[in-house]
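*Asks:* Order-wise, the sequence lines are chains H and U.
Heads up, the first sequence is in this note's numbering, so the first residue is 602 and it goes up one at a time.
Heads up, the second sequence is in this note's numbering, so the first residue is 602 and it goes up one at a time.
Hints listed in this document are in silico derivations from the structure and should not be mistaken for laboratory results.
No false leads were slipped in.
Note: identical chains are not told apart, hence a pair may lie in one copy or across any two.
Derived lysine-lysine pairs resembling DSS-like cross-links, with alpha carbons at most 27 Å apart:
1. K691 with K644
2. K654 with K804
3. K968 with K790
4. K790 with K1059
5. K968 with K1059
6. K691 with K804
7. K644 with K654
8. K804 with K790
9. K654 with K691
Since this is a predicted model, take the numbers as computed values, not measurements.
Number of protein chains: 2
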Amino acid sequence: MADETALPAVPVVDFDTHPDRYRHWRLEVDGEVATLTLAVDEKGGLVGGYELKANSYDLGVDIELYDAVQRLRFEHPEVKAVVMTGGLEKMFCAGANIRMLAQSSHAWKVNFCKFTNETRNAIEEARATSGQTWLAALNGTAAGGGYELALACDQIVLIDDGTSTVSLPEVPLLGVLPGTGGLTRVVDKRHVRKDRADLFATKAEGYRGATAVEWGLVDGTAPRKSWDAEIDRRAREACQGSTRPGGEGVELTPLDRQEDGDTIRYPHVTATLDRDARRVDITVAGPADQPPADPRAQGVDYYPLALTRALDDLVLRLRTNEQQLGTWVVRTTGDVDGVLAYDAQLADRADDWFVHETTQYLRRTLKRLDVTSRSLVAVIEPGSCFAGLLLELALACDRQYMLEGVYEDPHPDRDPDADPAVLVPTGANDGRFPMGNGLSRLHSRFWGRDEDLDTARKRFGERLTAAEADAAGLVTMALDDIDFEEEIRIVLEERASLSPDALTGMEANHRFVGPETLETKIFGRLTAWQNWIFNRPNASGPDGALRRYGSGQRGSYDYQRV
Amino acid sequence: MADETALPAVPVVDFDTHPDRYRHWRLEVDGEVATLTLAVDEKGGLVGGYELKANSYDLGVDIELYDAVQRLRFEHPEVKAVVMTGGLEKMFCAGANIRMLAQSSHAWKVNFCKFTNETRNAIEEARATSGQTWLAALNGTAAGGGYELALACDQIVLIDDGTSTVSLPEVPLLGVLPGTGGLTRVVDKRHVRKDRADLFATKAEGYRGATAVEWGLVDGTAPRKSWDAEIDRRAREACQGSTRPGGEGVELTPLDRQEDGDTIRYPHVTATLDRDARRVDITVAGPADQPPADPRAQGVDYYPLALTRALDDLVLRLRTNEQQLGTWVVRTTGDVDGVLAYDAQLADRADDWFVHETTQYLRRTLKRLDVTSRSLVAVIEPGSCFAGLLLELALACDRQYMLEGVYEDPHPDRDPDADPAVLVPTGANDGRFPMGNGLSRLHSRFWGRDEDLDTARKRFGERLTAAEADAAGLVTMALDDIDFEEEIRIVLEERASLSPDALTGMEANHRFVGPETLETKIFGRLTAWQNWIFNRPNASGPDGALRRYGSGQRGSYDYQRV
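Using the sequences and the accompanying hints, generate a full structural model.
*Replies:* Right, dumping it as structure tokens:
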């Protein structure tokens, strides 16, 4: 294993950026077609100690890509096809930077892979959810993560110049797996035969056009002289039949985020970091107003979008920058009716592209929670508003604790005359925000227990007291105030005392019951294998392949198979 | 990570045993119902350094269980229900022995978990494939692996004595996951709600009867005074409607295995170990005779059964005892028509219980290959007989290389007048031996490419030359003798030079395309997470929970979440 004490210091990572400030990508929009060109600034690494040669990437490069993906959804409703290409000669992208990986801690590598995977998934679903087709125009070699980036697109075209290849050289050169879905997508999405996939993933130099097309690794090739025309033709063709609405977009203006000591505050979300208890308390506020007649006119201030942007940013920041805080406690505060009004609007106005995109964004953000390696606990108290779309937050948690009645003891922050908490399940919990496995969180909760699912469905729209929510199977425990605080205290203390690795593995297994998809395979299986391999001396030890890469020496292996 | 240089020496493991020699289990057959009682001999550990207290188990205990599972299929066609219970007071089984785990190498732990998983899967499918229902009669606490053993059964009854519980204490006490399918079966088979599964898997002391029944952790409870009657009632009820044929069984006599230096020889299988090349050459001989009129009369000499027993034993021995030999090369030799005659008999006589059990056993053995962490390469030469059931061996491999024509150069072992090799696909490749994911190996090979699948299906029963097999997508490469030997040499040398961990992860991802099942989730996802966790200092480091268990000190954790 890498000696993690000697690793370079990593900065606090910000996810805020804008096309005007991109160092690594160029985003050009030409009517229905956008072009996203990767031309990495070698000196622009997020952490010191490596140069981003040959269009290799690090987290900073990927943060810009994520920003572009989001803006193409919200700011460019006219864009029906996105061409992703490279700005260097002969090299589309060499994948994740190896020196960066070699010098990174295990946690950094895992987090980096998770975020890059999430962005690739967002690219992959753009066509189905937003009518936006992504086309990888490989103007040169796509190696490792470079080819995996292409795999997330709907089509892959490789330049036929006699030298450019697609490859996954991780196994032969680095002793690790392709870390962002490569193995899974090759066989499960591209349907490359298992034995050919095996050849491909062990041949460092990869394959050129003819074989790549025959095996299904790419969809087509084109020589340099007809390259632009071919890519243009495919992009125009992809635009046909698209459901993208055109018209004016909604600008994703800078996030309003205030940090004050251990508090992070957004308009509708507040997080308080308790380092001693290794915990974050997250409070989501319900909307202050009724839904607007014209959601798009509000832009980023539209409550569901503002909420989602805050949650997304918070999840990313906490995952990346606060790895010691292993438990996140989720509360809500506000008016149930206000939440339900927005919940209804998301359903009623599902045909409005902006409302639809907002819903999809919240869906993606909830999926981030599902794959977050933190224990998630919902605490449901008087004054809370866990209804419909906000109830999804509780259902994404590993446990839900609900106070029966009110807090009786005098307390400055608590109103003894408050109404007891209620939960309100709605259709939002039953399909509007499907998990990566395709199930709603409600269906997942009652997997294999159809009667219980039906029972819960019968309560849609009802304001369920703690006892009723418990009877409907929607909470883990309903306790009165004599036991509640003590129970929560014990639960959180106990959780904070357990092995973080074992909790991560346990939660990853419990959260995804039932069917598996490309996405759950990537996060659940591929990632788990990669975690193991990253930890092995053969990869990360002082003589491991990852550490020795570029030194002229191959990795030195212990050949024991396990 | 454990300092693996200081670990106790492990013996060469034999898998041969017999109920007369069991030290840990008692097998009693009473008409339609068999009872398998776990009463572990504390002093009977397979490796020194630990005592098997509280009915905890090690590999030796599990080898006996596997033997019993096999004999209950073959020697006892009259047994329709199997009651698994414990021979100690108050404790059914405490799971895998912790001191054994703590002193074991990573490879030993992983191999041990794999074998125990395979045995549990064989128990789990007994009802569906053989009409034999397994009933866990928990006469005391079932903790960790003890409860996981119960989870593999069709029913679980827990004694209601005020103290006995079911539990999965691995996460809270040991900082690892339950290693034999517990998390997966709790949510995916028993359909325990995610939040309750979370409570369960973090509560070391577990849950007693009432909660266990309510949550679905067990099917029922019974007090001591009516215990025997209740178990008997359930066992008798389980017998009803069983398809078990009754009558006389087939004795599984001791295997004929000859070891001579680096050669292991069985009647139809020979393995040659090449330690320098880190390779095993496995040659499977086709049948010498035509299929018998009465397969059962031949007993263990029936070719498909003799072959399967040899393969099963070889796979287990190589996996456990020869971990440095990372590549297995599979060849066959013999008469294609002879193989096809047996292939036809397995199909024609599928209703004969003995033929059926033999087929199922071969299926389970092929599944062992699928989850074996070795690179598998089929070499198809003149004189080979890769037809139908033996073609499955090639299809289970990561690659298939076929010689086009014959070897032209003079060579003492090679006949220049030989007929070129042929492959013969049959229905056996298309559903008789499904993989753990439910797909046939042929379907898996052409996943998502229905036209290619149809093309291959059209050739069933045909003797395909190398060029034809290549055109039908059944081999990775067809090469003439000018290139063949050189190519094989390079392939095997290259393979032997790669990181064994990366290959293991890669192969595990490529081999299971498409749908996922309980079984693939356990081997693919749960196991991968466990591999990672086993490697982390929080579990296996000198201050990790696994190493400190029993010392009175809890594990000391680095609380960073990754």
